[in-house]
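Residues per chain, in single letters:
Number of protein chains: 2
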Amino acid sequence: MVVSKASPPVTCSDSTINLEKGDPLVFGKYWKKKSDECSVVIQGWEFLSYLSDTSNVCWYMLPELKGAIQRLHHVVGNAVTQDKYIVIGTGSTQLFMAALFALSPSQTPDHPFNVVSAAPHYSEYKPEIDVLRSAVVQWAGDAGVYDKNEPYIEVVNYPNNPDGTIRGPVVKSAAKGNLVHDLAYYWPQYTPITHQADHDVMLFTFSKCTGHAGSRIGWAIVKDIEIAKKMTRFVHLGSHGVAKESQARAAKIMGAICDDYQKFESIESELFFGYCKNILRERWEKLKGAIEKSKVFTLTKYSRAYCNFANESFETYPTFAWLKCEEGIENGESYMGKLKIRARGGPGFGVGPNYVRLTMIGMDDDFNELLKRLSMLSAIQISNSS
Amino acid sequence: MVVSKASPPVTCSDSTINLEKGDPLVFGKYWKKKSDECSVVIQGWEFLSYLSDTSNVCWYMLPELKGAIQRLHHVVGNAVTQDKYIVIGTGSTQLFMAALFALSPSQTPDHPFNVVSAAPHYSEYKPEIDVLRSAVVQWAGDAGVYDKNEPYIEVVNYPNNPDGTIRGPVVKSAAKGNLVHDLAYYWPQYTPITHQADHDVMLFTFSKCTGHAGSRIGWAIVKDIEIAKKMTRFVHLGSHGVAKESQARAAKIMGAICDDYQKFESIESELFFGYCKNILRERWEKLKGAIEKSKVFTLTKYSRAYCNFANESFETYPTFAWLKCEEGIENGESYMGKLKIRARGGPGFGVGPNYVRLTMIGMDDDFNELLKRLSMLSAIQISNSS
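Residue numbers (the UniProt record's numbering), protein chains in the order written: chain A, 1 to 386; chain B, 1 to 386.
Incorrect hints may have been included.
Identical copies carry no separate label here, and so any pair may be met within one copy or between two of them.
In silico BS3-like pairs for lysine-lysine, Cα to Cα no more than 30 Å straight-line [stated by the list, open to error]:
1) 229 to 21
2) 340 to 230
3) 21 to 84
4) 324 to 340
5) 84 to 230
6) 338 to 229
7) 176 to 84
8) 340 to 229
9) 252 to 33
10) 126 to 229
11) 230 to 126
12) 32 to 252
Quick caveat, the hints were computed from the structure, so don't treat them as lab data.
Quantities reported herein were computed from a predicted structural model and do not represent experimental measurements.
Isolated chain A, as found in the complex (with noise of 0.2 Å):
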């Protein structure tokens, strides 16, 4: 259908709400119940070094941290870590450019490496290179449009943000390439784990692994060992290692839900896994439903896949929502604005303003607000066409 004007047939007294965001907020409610059981004590003399391990590459990785991310990634069956390198970061954001700055030349190149990733590709990639006017790498936009006979590094992101769809690298040059792999979404809460990821780099981080986005902690899984050397040098020079406190909760937060998992009695859907992933199927079906009726705006299609780690088929419950706009609304994010909600518009993810991104992990308050002002949408939709 063509919707007659770029403005939404309502407005929205109340007020704004912020889904621009990935603040994964949703996850509160489990770890409410969790609370006791996870919670950490730290005594005034602990942390005081700034060394973990000086036998490990990542000298500032707490063992007990590495021993937490190896056993999650075993016993969700997501990422193989056997024979490879972990190396942490203050997010995944620090091991971006970490990994960046170790796949790029040591000397000073004569241009800086072309990095690309598929749009819509995640909207922070390109600010966080641009920052650094770096002449070791530089941002350059579209992989899928990607046609210079020059060094690159492709990112690949799966499940995609902003439109969690699931990708392989897709750059077709003739010059050299490395891949670098952002899996931040690649959980069964978000989407069916088919397979054990085995790239040369790999990016998780905890945010949106378990929702604590406030420890910042990421993590590279790395098959070089001279890679995970360097990226280690980047976070040194950079922060010279990550928190400890949040390092101890991590480990200690990994390590509960995986006893859980390896308890003999528990039940799927009260652990952490089965539990978000019922939160989201949920909002996603109302979502849906509030999307359809609109009339304005449709919803990326995602197929039904078998989850080797819930030993059932589902389809993705993507972080975000992907809406396109129908034809007569030109800009997704002002379109939003009117509705006094908060989104990403197209643009900073390489696509036209005709897409718009809203969070799916916020408040349930935001979310609850959201399908109210969509629901306004659909109802003067009917009321015109009747």
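Following the hints, position chain B against chain A.
Only chain B this time, still in chain A's reference frame:
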């Protein structure tokens, strides 16, 4: 005197002691005493969000950490925080780069801004800048010899790492310059607090203030809101904030220090800064004796000054010992290496290899072993001269 050989006159069969880094383990004794009082409990549901206080320029900073930083500076009287902005980072390392980028032009300049610091200067400034190979800022070495008519940023570090001296800016250039004051060691266990520092951009770190280096908490006190915003944006793009577990713990520990100082019946030598100053004073007295007897090195001389915080005069007790080799020893780091002491040689600090830096804040065992090895030197000297 002229030392006859470039090699130490003893061979050491013991294991290597590492005095190369400034790992602040000496403060562990104090924190063991205060362990329970300073312990923090963090529950499973806490710190899910990226955000802390969206009404603050530094949106990821916990309000309690901001308050604790302001209170600590108020109690110690070492820096003006009133009408200034506080920006936190993952260590002051991250804030150092954030400050350089914030003080540089938003558009890529024709030539990168030159970053200089008077030699001997902190050995990590250069590699921290170099790794990014940025078109915005570049390391340009010793501020004392800077004579280019190009925009620059001078880093003033006082008391200075490595030599503990109190300094001001030294660049004489017709070009426009900005200053960054690195005040990591301007705390009353190391040096008399003679004034409230009041500069445009001041950097501090929890690592050297209380000895909690593993927490990776640094803060900047910034005069100009636009600079504070740019620094916050740099931290946002580099790591999406700072670990909240560490923030909460830093707030608790700073608060405990202040509480103790504000109790009426407190005894200075049992309070944090007094207790730690006494440890450092004792170490320095022993080291001075050992160095004097060795006849191989000389130490910087420090004058006494009145400390407004402690209400007494004392010398500086720097974090590092900065040794100058007597004539005849060309390479202090190698010389120490033959004593199986890992130390950091002069060239990293922008001076000759006849200088070498040793930490004064490491473990007791290592410090005592240093004294033992130095005493072996003096025994040989005495035997040679008799």
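Results of checking the hints against the structure:
{"no.": "1", "hint": "229 to 21", "verdict": "between (32 Å within a copy, 19 Å between copies)"}
{"no.": "2", "hint": "340 to 230", "verdict": "between (45 Å within a copy, 28 Å between copies)"}
{"no.": "3", "hint": "21 to 84", "verdict": "between (32 Å within a copy, 29 Å between copies)"}
{"no.": "4", "hint": "324 to 340", "verdict": "within (18 Å within a copy, 67 Å between copies)"}
{"no.": "5", "hint": "84 to 230", "verdict": "within (15 Å within a copy, 37 Å between copies)"}
{"no.": "6", "hint": "338 to 229", "verdict": "between (49 Å within a copy, 28 Å between copies)"}
{"no.": "7", "hint": "176 to 84", "verdict": "within (23 Å within a copy, 49 Å between copies)"}
{"no.": "8", "hint": "340 to 229", "verdict": "between (47 Å within a copy, 26 Å between copies)"}
{"no.": "9", "hint": "252 to 33", "verdict": "both (16 Å within a copy, 26 Å between copies)"}
{"no.": "10", "hint": "126 to 229", "verdict": "both (25 Å within a copy, 19 Å between copies)"}
{"no.": "11", "hint": "230 to 126", "verdict": "both (22 Å within a copy, 17 Å between copies)"}
{"no.": "12", "hint": "32 to 252", "verdict": "both (15 Å within a copy, 23 Å between copies)"}
In summary, the structure agrees with every hint in the numbered list given earlier.
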